[in-house]
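Visitor: Dock chain to chain to rebuild the complex, using the hints, since each chain is given by itself in its own frame.
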Amino acid sequence: MANNQSTSNTTPTSASVKALPNITVSYVSENAVLLEWPEKIDAIQHQHIMFCETQIRQALANTIIESIASYASLLIYYNFTAITQHTLNTLLHKVITTPYCSHNDGAPIISATASTTAISTTATSNNSNSPIEIPVYYGEEAGWDLAYVAEQTQHSIQEVINLHTQTQYHAYALGFTPGFCYLGELPTVLQLPRKSSPRIAVPKGAVAIAQQQTAVYPAASPGGWHIIGQTPIDMYSVADQQFKSTITVGQTIIFTAITKAEFLALGGQIVKEAG
Amino acid sequence: MGTQTQLTGLKVIKQKGLCSIQDLGRISSQHLGFSASGAADEYAFLFAHALLSHSCHQNNNNHHNSAALEITLGQITFQAEQNCTIAITGANCAASINNKPINNWQAHHLSAGDILQFLMPKKGLHTYLAIAGGIQNTPWLNSRSQTSTETALGFSTNTITVGSVIPLCSNAVIEIPSTTLTPSAFYNTLDDVLTLRFIPQALYLALNEKEQQVLCEHTFTLSPNINRMGYRLSALPENISASLHIAKDAIRTKLSKPVTYGTIQLPNNHQPIVLMKERQTIGGYPVIGSVIQTDLFKLSQLRPGNRVQFIPTTVLFAQQQLSAMYQRFL
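Note that the protein sequences, when read in sequence, are chains G and W.
Mapping of the first sequence onto my numbering: position 184 corresponds to residue 184, and the numbering continues sequentially without gaps.
Mapping of the second sequence onto my numbering: position 320 corresponds to residue 320, and the numbering continues sequentially without gaps.
Here chain W stands alone, though its shape is the one from the complex (with noise of 0.2 angstroms):
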């Protein structure tokens, strides 16, 4: 730790979005009353990882786990003050080295001194900059993830503003390794009306099938009320709210009982939220449900306005798509 000052990096030298440090969070950290954190698309993020790894063994080669840069709303510019190889993913920042403009979704070489510079995306939230060998800050409780309403306890690593510097490994040099991995058509469609398949919980279940099929028919717009921790979507259709009040009545809903990543809450305001990589570890609020993991990756890319549809499945479907999309980059 002590070490930690002398590491060179990418340095902050404008910035006026949003930009914090992850990698797959601390999910065993929970039962403390620490947020899993991680992550928010987790496709993007090990895509660019995935970016950075050879096949075969090299010892900066990055690992699935390594930490990154979490860019939200782009409009960051760094500095490089060493040689080293990156790779950016997600929303399109219009990202330029040296005001030359480079391909999203690729890796590059950084000189130092290189100016990179990331714009205000149209379109989706984070973008993630993986750099080879991974980011060197000091880890808590076994992850590098920076939770927003933990720094100021001082238990991660400091919020990045300008002037921060972006530890990186000594040599995060590697020779970019040839891929055939394609990004998803998903960044080009969110605008689109998002499907959310879910895992229905009690809520869900003490609705009669017609309820039910209102529900999973109404589209909902994301409000202005959206972050890391919960996604607040538009009030329920009114001809179910009723319903779901009387269902809420009948099912247990007194104590707070443990969330996941996904769980999808209903306040008493009939704004259902979904709970993001941020949330906290237990919750009051009546659940519908959980939306799957492949699915929050991409609800994670969509901004206040865009519009979202539920509908069940099941857990086994939600694991088999899961387990496709980390066997596409571990």
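Only chain G is shown next, with the shape it has when bound in the complex (with noise of 0.2 angstroms):
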């Protein structure tokens, strides 16, 4: 079926090519090109990344099958039967080089109400700039791992609450399972380790915390991160066979503590460590 041969008489040369100082773009599949950002959590940078993506989207529509971003990349999925390396390559380049204005970074959060529907309508907003609001019961018996990350960090439970909760984060990435963004960065001082082992189940609903990051476990699965408490809220919602994430990429989150009574009142059900 294939012709072995003449691979391996053909060297191949490096499948990436430097467009900006700090940008790499590499075809690393047939159908798939990674662009590559310097390695760092940051932004602003991550607005750029955003930029790059819909405008790519935008000069390629009927070409582009998906795009997935990331901290510091970009993949695109494109149809390489209906456009040559060469013209995607030159796009790309006038793309990423395009002088670029990033927006006002330190836009002031827009002050959140606790009322549901205040929840669910800024959760459900398109606008990127908009901050959504995740409640959190921050209780000991929803935060498994609270008094843990207390310890490591060595401060007291209230503080480590107050650092996760004065903190705006920026979602970088979704992936993991469905509706799963990963949201930084998170303050330093809260940077821990992974879990050694991972729990075999991490409840629906639990914000945790790893090295830069935090999340929400949209749905029960196994997981690796410290829970330091659980949100009533959904982090996807399934309509006329469409998915919706309640984060995006690109979008502003801030986590607000609520009581366990306001947890409950909000829909939501406390799952206890088992044994």
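Hints are computed from structural coordinates only; laboratory data are not their basis.
As the structure is a prediction and not an experimental result, all values here were calculated from the model.
Every residue gets a Cβ at the ideal spot worked out from N, C-alpha and C, and that includes glycine.
It is possible that part of the hints are untrue.
Said to hold, decoys possible - Which stretches of chain G does chain W cover? Using the computed rule of at least three CB atoms under 8 angstroms from a CB of chain W, they are:
# : segment
1 : 56-68
2 : 78-92
3 : 172-184
Stated by the list, open to error - Capping the alpha-carbon separation at 27 angstroms, the derived lysine-lysine pairs in DSS-like fashion look like this:
# : chain 1 : residue 1 : chain 2 : residue 2
4 : G       : 40        : W       : 248
5 : W       : 248       : G       : 195
6 : W       : 254       : G       : 195
7 : W       : 254       : G       : 40
8 : W       : 123       : W       : 11
To be verified - Partial list, derived from the structure: chain W residues whose beta carbon lies under 7 angstroms from chain G:
#  : residue
9  : 27
10 : 31
11 : 293
Guide: Rendered as structure tokens:
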């Protein structure tokens, strides 16, 4: 079926070509090209990734099959029979070298009310600039690892909660499981390595931290992050055969502490650690 | 969707192996965190549909992206609840209709009440059972593919078990088209060392020429840990493990980035993992390169203990191979 001989005689050249001094373009698969930015968690750089993704999707609407953004990278799937690598390359270079102005990063948080309707309205907003508020019950029965995190970081439990809620997070990537959004950057003092052995079952709604990241588990799944609380709100909704993630990549997120009574009133069910 | 329960089809009456419904997957929903999924061996999958496709236009003609059954390690028996025309390809499960042996890589008629049995194949992993008109399970995000890690979340249709009915078109009978297709000789050579051509990425390019040569001359064995998500291989030769360790430190590997079908990851235990159809969308391990798709379809048929070798190639070559394969079937 295949011609092995012709490849063994071919010396492949590097698949990567330098674009901007800081952005690398690599054709990694038959139908995928990977753009990589400097290896850092940086909201302003990430806005540039989002900008490039939008521009590329607009310019090549009929050729792009899918695009996936992560912390410092963007993968574009394209129909390789519809465009030559040369044409695509020219366009990619044009987009990534386009002068770009980032949004004012420290945009004030729109005051979020405690009502459920306000939460669901913000949560479904398409406007990536308005922060999404995630209510969290940080009680010890919900935050299975809260005491451990406090001990390891040499802070009180209340200080850990304050540090987690006083930070505005940026949604960098979606993956692991549908609706799981990687948020950053966690305050340095809260950064801990993952658990040495992952739990078999992390409950749905678990708010967790690991390294520079924080996230909400959208469904019960195995996981190695430290659980510091639980949220009563769903991380995704399904209607008319459409999947909608509560948080989308590029959005701003804040966590707010709620009481056990508020958690239950919002329909939450506390899952306690077994045994 | 309400009509789903009224559909008849193939009823599973015995099952020991794995079986799932697959089409070409949901590649465009990866940004939401969904696995691309899809048929593991597209060659055998497309071949099965081609055996049921007429060149003239017919309503129940199989489209290349119709859903079919992917039977893993055989050991499944169906009873037909309606007449239908089927095609069987891939790993040879010594299939039979009412205990009469039938040929692999061929189309056959089933009458209501017939028993279709698949035994465990001697070689290979996946067998495809396509039915005229395709399987009519409810699509999810433009695909009927089932992903094992996502069925539990309730997104796609239920996992196939004894008692499941594989829903078919009400008219799933066609005249069997004449065909000139002959199956690839590959399926007779599954025990040979399979050459995996790959598009190099950072970790491979960070090695010097001699180290690259050592890597490509090494024969890897498939570990027992293989599934639709990924294939784990035996460890790298020791004399280049150290170099790769240094290379890993030199390249940027800290933050997770999107991965593709065929990405060769290198975790700290130096046992490469080749990502397959049910891979996650992003991953954090350093990447050696990506195996080309036409070789991945072959790899998906190998079992633990089978052997592979890597050899670098170019994106252009990979594209030509894939186009040539699709052109045979589409």
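Visitor: Report holds or violated for chain W covering the segment 78-92 of chain G, Cβ cut-off 8 angstroms, minimum 3 residues.
Guide: Since 3 is at least three, the answer is holds.
Visitor: For the restraint on residue 293 (chain W), tell me whether the closest CB of chain G is nearer than 7 angstroms.
Guide: holds (6 angstroms)
Visitor: Can the hint on residue 31 (chain W) be confirmed by a CB-to-CB distance to chain G that is less than 7 angstroms?
Guide: holds (5 angstroms)
Visitor: Given the hinted pair residue 40 (chain G) and residue 248 (chain W), is their Cα-Cα distance within 27 angstroms?
Guide: holds (17 angstroms)
Visitor: Would the pair residue 254 (chain W) and residue 40 (chain G) pass a check requiring their Cα atoms to be no farther apart than 27 angstroms?
Guide: Roughly 9 angstroms separates the two Cα atoms, so the pair holds.
Visitor: How does the coverage statement for the segment 56-68 of chain G fare against chain W, requiring three or more residues with Cβ below 8 angstroms from a Cβ of that chain?
Guide: Holds, because 4 residues of the segment 56-68 of chain G bring their Cβ atoms closer than 8 angstroms to Cβ atoms of chain W.
Visitor: Is it true that the CA of residue 254 (chain W) sits at most 27 angstroms from the CA of residue 195 (chain G)?
Guide: Within the cut-off at roughly 17 angstroms; holds.
Visitor: Verify this for me: three or more residues of the segment 172-184 of chain G with a beta carbon less than 8 angstroms from a beta carbon of chain W.
Guide: holds (count 9)
Visitor: Could you check if residue 27 (chain W) really has its C-beta closer than 7 angstroms to a C-beta on chain G?
Guide: Because about 6 angstroms separates residue 27 (chain W) from the closest Cβ in chain G, which is inside the 7 angstroms limit, the hint holds.
Visitor: Are the Cα positions of residue 248 (chain W) and residue 195 (chain G) separated by 27 angstroms at most?
Guide: holds (23 angstroms)
Visitor: If you draw a straight line from the CA of residue 123 (chain W) to the CA of residue 11 (chain W), is it 27 angstroms or shorter?
Guide: holds (26 angstroms)
Violated hints: none; the structure is consistent with every hint.
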